[in-house]
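A.B. asks: Please work from the sequences and hints to get the whole structure.
Number of protein chains: 2
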Amino acid sequence: MSTRDGRSWMPGAGPEADLPCVAAITPSCNVERHTSPEPFDAIVIGAGYAGLIAARDLTTSGLKVLLLDGRDRLGGRAWSTDLDGHPFEMGGSYVSDVHRHVWREITRYQLGVKAGPERKDEQNKAILIRDGEERHASQDERNRLLRSAVMKIFNVDGAYGKLVMPTPLDEAALTVENRTAYDDMSIADRLAQLGDGLSADETAVVSSFVVMCTGSRAMDECSFYELLHWWCLCGHSPDAFFRNIGVYQLRRGQSSLARCIFDDALGSGRLAYALGTPVDAVRDGPDAATVRAGAGGRAFRARRVVCTVPLNTLRRIAFDPPLPADKLAAADTNRRNGGAKINSRCAGADLRSWTCSDPDNGLICYSYESGSAAAGTTNIVGFGQYPEGELDDAAVGERFGASIHESLRPHVKQIVFHNWSRDEYSNGSWFFPGPGLVTRYLDGLRRDHGNVLFASSDWSTGWRGFIDGAMQEGARAAAGIVKSLRVERL
Amino acid sequence: MSTRDGRSWMPGAGPEADLPCVAAITPSCNVERHTSPEPFDAIVIGAGYAGLIAARDLTTSGLKVLLLDGRDRLGGRAWSTDLDGHPFEMGGSYVSDVHRHVWREITRYQLGVKAGPERKDEQNKAILIRDGEERHASQDERNRLLRSAVMKIFNVDGAYGKLVMPTPLDEAALTVENRTAYDDMSIADRLAQLGDGLSADETAVVSSFVVMCTGSRAMDECSFYELLHWWCLCGHSPDAFFRNIGVYQLRRGQSSLARCIFDDALGSGRLAYALGTPVDAVRDGPDAATVRAGAGGRAFRARRVVCTVPLNTLRRIAFDPPLPADKLAAADTNRRNGGAKINSRCAGADLRSWTCSDPDNGLICYSYESGSAAAGTTNIVGFGQYPEGELDDAAVGERFGASIHESLRPHVKQIVFHNWSRDEYSNGSWFFPGPGLVTRYLDGLRRDHGNVLFASSDWSTGWRGFIDGAMQEGARAAAGIVKSLRVERL
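Top line first, the protein sequences correspond to chains F and L.
Residue numbering for the first sequence is 1 to 490, as defined by the numbering used here.
Residue numbering for the second sequence is 1 to 490, as defined by the numbering used here.
Since the hints were derived computationally from the structure, they do not count as laboratory data.
If chains are identical, the list can't say which one is meant, so a pair holds when it fits in one copy or spans any two.
Below, simulated DSS-like cross-link-like pairs (lysine-lysine); rule was C-alpha separation at most 30 Å, straight line:
id	residue 1	residue 2
1	K413	K114
2	K483	K114
3	K162	K152
C.D. replies: So this is what it looks like as structure tokens:
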């Protein structure tokens, strides 16, 4: 099984396609041979985690579901390819025990979790770059700088945010009084507020780290509230913060989990699906909605529709009646996230303690060992930002390859990535909102539109922008449909 | 719907039975009219949360399940009765966002969560009793004492336990090198180690708090490792620790959640059930097991059995072939938890900031406002310990009623409780192990026995003894069965 998504690039050889992926589904469609295709109880648009969980919960609750996606694989913005028996994560990948919806699925499907190898506190393995000057430090020093910076940044109230946002319970977090104040504040504003409170070293390390969180070097474009919300979800603890956003990954890769959920739904006998079938129109009626999808413009009918496409692609689908103004305004306002994630397969196992913090690098700002790798090799993941405009795959390989730190570059055998800069189904990478967006539009984004429900990590009340938020939203949509259809049947 | 479990007691009026409960199921059995009763894919013994989740996951995965329980209601050691439209929790009740399996169900069934009313920091509302002397303090002072004591207790390594038990991820927590050392240590040992490190006030407050955790005033009978494991699951943070074990409850009570899970399984059309039908024997064979249950000794057959009865009632069931020695030794070794939970309905809303810490009270050691209550009333929950031997319901009412603090007693209109001291299906209250038990027996308790799987919160690797651990175990058992039966079918 392979997917058209993602590329492998080797120095001098250019990009190669057709990466193996257990979440690429063959046959790509079972609608033709599905015994009773219509009317479905629900059509789920998008087979990312929100769509997969919605489809699984709906089918296992006894409802007939059609799952549609434009891609040839499951997982949306989270998927993995397997090379030499080791998963390489192309998008969202980090999990943790506080990602409660993910964790329940890990228990359900009995999947293993691994931490990145313990970084040994070797001298000179942490490269810190500041204002063009480079120095080598111990991991311990780097961690101390980052931790200290993060604690200062989140200490907005003398109580590390506990007064401003006391509880991570979703509902409560939403009603925090001064949410607006912190949402109108950008991360740049917050750093400016701290002024000299951060040392130059702290600023450099945390600036590169923030790119990993936001996908953007332009900190004035990123809401400070959003980052504070992550912090609150981690119980206002720096240990938990770092552990929950960038350490643990699935042993067999994200696509193994996506496949488990899909197989579970399929096993119900009530799942029809069609991959490679992008939706272009949804027309709602009093009792059912019609969804037009695929090259032939085929129409499917269902009593409910769950639309899980990312905020930045809401405009791709023509809704009739049209979407309300607030949803459209949110889609038009939201920044297109240029966050980049580049996997470098390197020769040499002694690179496993290597990290690099390079905030002014135009492309890769924050790099560290991530995930298992074949014996004698190391997988270094680099987080950064695509330059303005779209890059073709060859250009991504060339330009990001050239931006890898010069001490690492000779060891790089292969670069593996998904070119999110020109992905028509996500229109950018993960969700990280600009100032004011969440306060203004979150409620509107979560609202149903006739028989159409909207479920995406982009408007989760919990781990928004994470896999967990997607699963939460999928579960919410399914629960709403199960409840309303049961009432209709009474 | 009402249950035979639980009692309401009013001063001078004696105990009354038949409390309303949404998880009492009528009719109590659907086996007779179930279309294809045998052979089942699985029989689940016990309809507590482990059994309910197992039954729900199995039936929604397409398998035919028979769910058996001796009680007339669902929920096992967690259930609620509704009085004046407010739930009173009779057993396990506290939830939190880090209880990841519970939280997923809260999302799935769209249930609300509430915190106890914010305790206002009024003067003199916290009663602290030490060596027979009583003084009135502010909530703020009480909280400071408790927090400071707890941090000292868990600071076993100068890093608040982070070195000893660095990660709450289940698997890793199990392989901690020095688990044995801390498991052989009792809570009394740990307090002795601290010696004068705790002030007399800290010792008094934390001793009453520990009774709420362990259900026992005999701290030498309780493993320190177990408490340290809770702390680790809370990310080594005192805020998280208190928030996760005694603040949030379900708005409509635990029985509302149990009922949702049951209805979900029933909606699959694949759930047969028989309440009031205790199991007394399980005979295993090469392809199936036979379960004998109920007054008539009726036999049911299934390819797999999930046994979810608590450790202290494992001996109730005659297994053939007999259980391995380690499971039996664990059942024989485990202390019978005499933890008591007594709800007092009090007149007067100004009691909502009232707390009492009374470590040497023979019966109720730790009391505070808990849960919603009708206008003008307050529900005070008291945690303590049943005296040695069984008490009948009248004696529980009389003796616990008389042990309520004298300043509260005149306000008490009604006491509501489940008499766990003489409950044949749990043989005690929640699980809190003695020193050494977990290290010695956890792996053995989790092991399958032929076609019989064992799932109970008592041997969860996560929130052991909590509702979350029960759900985790139920999900684990269901996942194992789904996987093995699918393989058999290939």
